[in-house]
Amino acid sequence: AQKVTQAQTEISVVEKEDVTLDCVYETRDTTYYLFWYKQPPSGELVFLIRRNSFDEQNEISGRYSWNFQKSTSSFNFTITASQVVDSAVYFCALSEAQAAGNKLTFGGGTRVLVKP
Amino acid sequence: EPEVTQTPSHQVTQMGQEVILRCVPISNHLYFYWYRQILGQKVEFLVSFYNNEISEKSEIFDDQFSVERPDGSNFTLKIRSTKLEDSAMYFCASSEARGYTFGSGTRLTVV
Chain A
130 AQKVTQAQTE
140 ISVVEKEDVT
150 LDCVYETRDT
160 TYYLFWYKQP
170 PSGELVFLIR
180 RNSFDEQNEI
190 SGRYSWNFQK
200 STSSFNFTIT
210 ASQVVDSAVY
220 FCALSEAQAA
230 GNKLTFGGGT
240 RVLVKP
Chain B
87 EPEVTQTPSH
97 QVTQMGQEVI
107 LRCVPISNHL
117 YFYWYRQILG
127 QKVEFLVSFY
137 NNEISEKSEI
147 FDDQFSVERP
157 DGSNFTLKIR
167 STKLEDSAMY
177 FCASSEARGY
187 TFGSGTRLTV
197 V
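If you're matching them up, the sequences are chains A and B in order. Everything in the first sequence is counted per this note's numbering, starting at 130 for the first residue and increasing by one. Everything in the second sequence is counted per this note's numbering, starting at 87 for the first residue and increasing by one.
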């Protein structure tokens, strides 16, 4: 069975600080996808990134970067120079490619509070 | 950019009433899903739907829930007899090989 763990329930930082969100996953599949979503106070789920299990290259998109370490089953997310607008709950999720229906299994989420 | 559309955005219903949550998935997507998020908790998978039938469902998706694709565009979630604990945000999603897109959700409040 697949499982996603986000050990940090809440992180509070001051604007312009960097913040790293941890995500550890468990799966028996060799082919899978990892996702990060942002959920602002308005409640919608905003897609940030999808990474497949064969692509271990780290990725940078503006102030966001992701570190995929297959050896430790982790897919960590860093926000550089945080801003107040980054305040949200961030979810890591896993989809097993071979599973019928491609459901996403979400972690418990990390609430990020960026103070001015 | 194509969107998954959910209506209504907020629904209040009395305990024991039936509710139907509606979704219009992205037109070329083949898989459709419903997820639930109780306030302050994580997003939980309810059901996936492919080729006009359920492909997978979770333990949460018991007999009070049903899904339907009544026409070529809509995808609905019916809760037959709502309970207080059904109060949650319900997200519809659709996917194909490259994308997995969520709607903005329907907040269901059972009173």
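The hints are simulated quantities; they were obtained by calculation from the structure and are not laboratory data. Fair warning: this is a prediction, and the values are worked out from it, not measured in the lab. Quick reminder that beta carbons are idealized off the backbone N, C-alpha and C, glycines included. Careful, some of the hints might be misleading.
Claimed, not checked - Straight-line distance between alpha carbons at most 35 Å, and here's what the computed DSBU-like set of lysine-lysine pairs gives:
hint : chain 1 : residue 1 : chain 2 : residue 2
1    : A       : LYS244    : A       : LYS199
2    : B       : LYS143    : B       : LYS169
3    : B       : LYS128    : A       : LYS199
4    : B       : LYS164    : A       : LYS132
5    : B       : LYS164    : A       : LYS145
6    : A       : LYS145    : A       : LYS132
7    : B       : LYS164    : A       : LYS199
8    : A       : LYS132    : B       : LYS169
9    : A       : LYS199    : A       : LYS132
10   : A       : LYS199    : B       : LYS169
11   : B       : LYS164    : B       : LYS143
12   : B       : LYS169    : A       : LYS145
13   : A       : LYS167    : A       : LYS199
14   : A       : LYS244    : B       : LYS169
15   : A       : LYS145    : A       : LYS167
16   : A       : LYS167    : A       : LYS132
17   : B       : LYS128    : B       : LYS143
18   : B       : LYS164    : B       : LYS128
19   : B       : LYS128    : A       : LYS167
20   : A       : LYS199    : A       : LYS145
21   : B       : LYS143    : A       : LYS167
22   : A       : LYS244    : B       : LYS128
23   : A       : LYS145    : B       : LYS143
24   : A       : LYS167    : A       : LYS244
25   : A       : LYS132    : A       : LYS244
26   : A       : LYS145    : A       : LYS244
27   : B       : LYS128    : B       : LYS169
Stated by the list, open to error - Covered stretches of chain B (chain A as the covering partner; in silico rule of three or more C-beta atoms under 8 Å from a C-beta of chain A):
hint : region
28   : 122 to 132
29   : 190 to 197
Said to hold, decoys possible - Restraint ranges, calculated between C-beta atoms of paired labels, are given here:
hint : chain 1 : residue 1 : chain 2 : residue 2 : range
30   : A       : ARG179    : B       : ILE124    : 41 to 51 Å
31   : B       : VAL110    : A       : GLY191    : 41 to 51 Å
32   : B       : SER144    : A       : VAL143    : 37 to 47 Å
33   : B       : SER152    : A       : GLU155    : 41 to 51 Å
34   : B       : GLY102    : A       : PHE183    : 44 to 54 Å
35   : A       : ASN181    : B       : GLU89     : 37 to 47 Å
36   : B       : SER144    : A       : THR207    : 28 to 38 Å
The hints, checked one at a time:
Restraint check: the Cα-Cα separation between LYS244/A and LYS199/A comes to about 33 Å, which is no more than 35 Å; the hinted pair holds. Our distance criterion of 35 Å between C-alpha atoms is met by LYS143/B and LYS169/B, whose separation comes to about 20 Å. A threshold of 35 Å between alpha carbons decides the hint, and for LYS128/B with LYS199/A the separation of about 24 Å falls inside it, so the pair holds. About 28 Å separates the Cα atoms of LYS164/B and LYS132/A, which keeps this hinted pair within 35 Å; it holds.
For the hint pairing LYS164/B with LYS145/A, the CA-to-CA distance comes to about 45 Å; that exceeds 35 Å, so the pair is violated. With a C-alpha separation of about 32 Å, the suggested pairing of LYS145/A with LYS132/A holds against the 35 Å cut-off. Straight-line distance between C-alpha atoms of LYS164/B and LYS199/A comes to about 40 Å, which puts the hinted pair past the 35 Å bound. Taken as a hint, the LYS132/A and LYS169/B pair is honoured in the structure, with Cα atoms around 28 Å apart against an allowance of 35 Å.
Proximity of LYS199/A to LYS132/A is assessed by CA-CA distance (about 15 Å); at most 35 Å being required, the pair is judged to hold. Distance hint between LYS199/A and LYS169/B is unfulfilled; the C-alpha atoms sit about 42 Å from each other, more than 35 Å. Proposed proximity of LYS164/B and LYS143/B is supported: the alpha carbons are some 14 Å apart, at most 35 Å. Note on LYS169/B and LYS145/A: the hinted pairing is violated, with a Cα-Cα distance of about 45 Å set against a maximum of 35 Å.
At most 35 Å may separate the alpha-carbon atoms for a hinted pair to count; LYS167/A and LYS199/A meet this at roughly 23 Å. About 38 Å separates the Cα atoms of LYS244/A and LYS169/B, which puts this hinted pair outside 35 Å; it is violated. Restraint check for LYS145/A and LYS167/A: satisfied, since their Cα atoms lie roughly 19 Å apart, inside the 35 Å limit. Note on LYS167/A and LYS132/A: the hinted pairing holds, with a Cα-Cα distance of about 19 Å set against a maximum of 35 Å.
A hinted pair counts as satisfied when its Cα atoms are at most 35 Å apart, and LYS128/B with LYS143/B qualifies at roughly 17 Å. Distance check on the hinted pair: LYS164/B and LYS128/B sit about 21 Å apart at the alpha-carbon level, within 35 Å; holds. Among the hinted pairs, LYS128/B with LYS167/A is consistent with the structure: their alpha-carbon atoms are about 12 Å apart, no more than 35 Å. Simply put, LYS199/A and LYS145/A have alpha-carbon atoms about 29 Å apart, close enough for the 35 Å limit, and the pair holds.
Distance check on the hinted pair: LYS143/B and LYS167/A sit about 25 Å apart at the alpha-carbon level, within 35 Å; holds. The suggested pairing of LYS244/A with LYS128/B holds, with an alpha-carbon distance near 24 Å, which does not exceed 35 Å. About 43 Å separates the Cα atoms of LYS145/A and LYS143/B, which puts this hinted pair outside 35 Å; it is violated. Note on LYS167/A and LYS244/A: the hinted pairing holds, with a Cα-Cα distance of about 18 Å set against a maximum of 35 Å.
Between LYS132/A and LYS244/A the alpha-carbon distance is near 31 Å, which keeps this suggested pair within the 35 Å criterion. Taking the CA atoms of LYS145/A and LYS244/A, the gap is about 9 Å. The hint holds against a cut of 35 Å. The suggested pairing of LYS128/B with LYS169/B holds, with an alpha-carbon distance near 20 Å, which does not exceed 35 Å. Look at the region 122 to 132 of chain B against chain A: 5 of its residues bring a Cβ nearer than 8 Å to a Cβ of that chain, three or more, so the hint holds.
Under the rule that three or more residues need a Cβ within less than 8 Å of chain A, the assignment of the region 190 to 197 of chain B holds, with 3 such residues. Remark: the range hint 41 to 51 Å for ARG179/A to ILE124/B is contradicted by a beta-carbon distance near 25 Å. For the pair VAL110/B and GLY191/A, the beta carbons lie near 31 Å from each other, so the given range of 41 to 51 Å is not met. In this structure the supplied range 37 to 47 Å holds for SER144/B paired with VAL143/A, their Cβ-Cβ distance being about 40 Å.
In this structure the supplied range 41 to 51 Å is violated for SER152/B paired with GLU155/A, their Cβ-Cβ distance being about 31 Å. Between GLY102/B and PHE183/A the C-beta distance comes to about 50 Å, which sits within the given range of 44 to 54 Å. At about 24 Å, the beta-carbon gap between ASN181/A and GLU89/B misses the expected band of 37 to 47 Å. Between SER144/B and THR207/A the C-beta distance comes to about 32 Å, which sits within the given range of 28 to 38 Å.
Going through the hint list in order, the structure does not satisfy hints 5, 7, 10, 12, 14, 23, 30, 31, 33 and 35.
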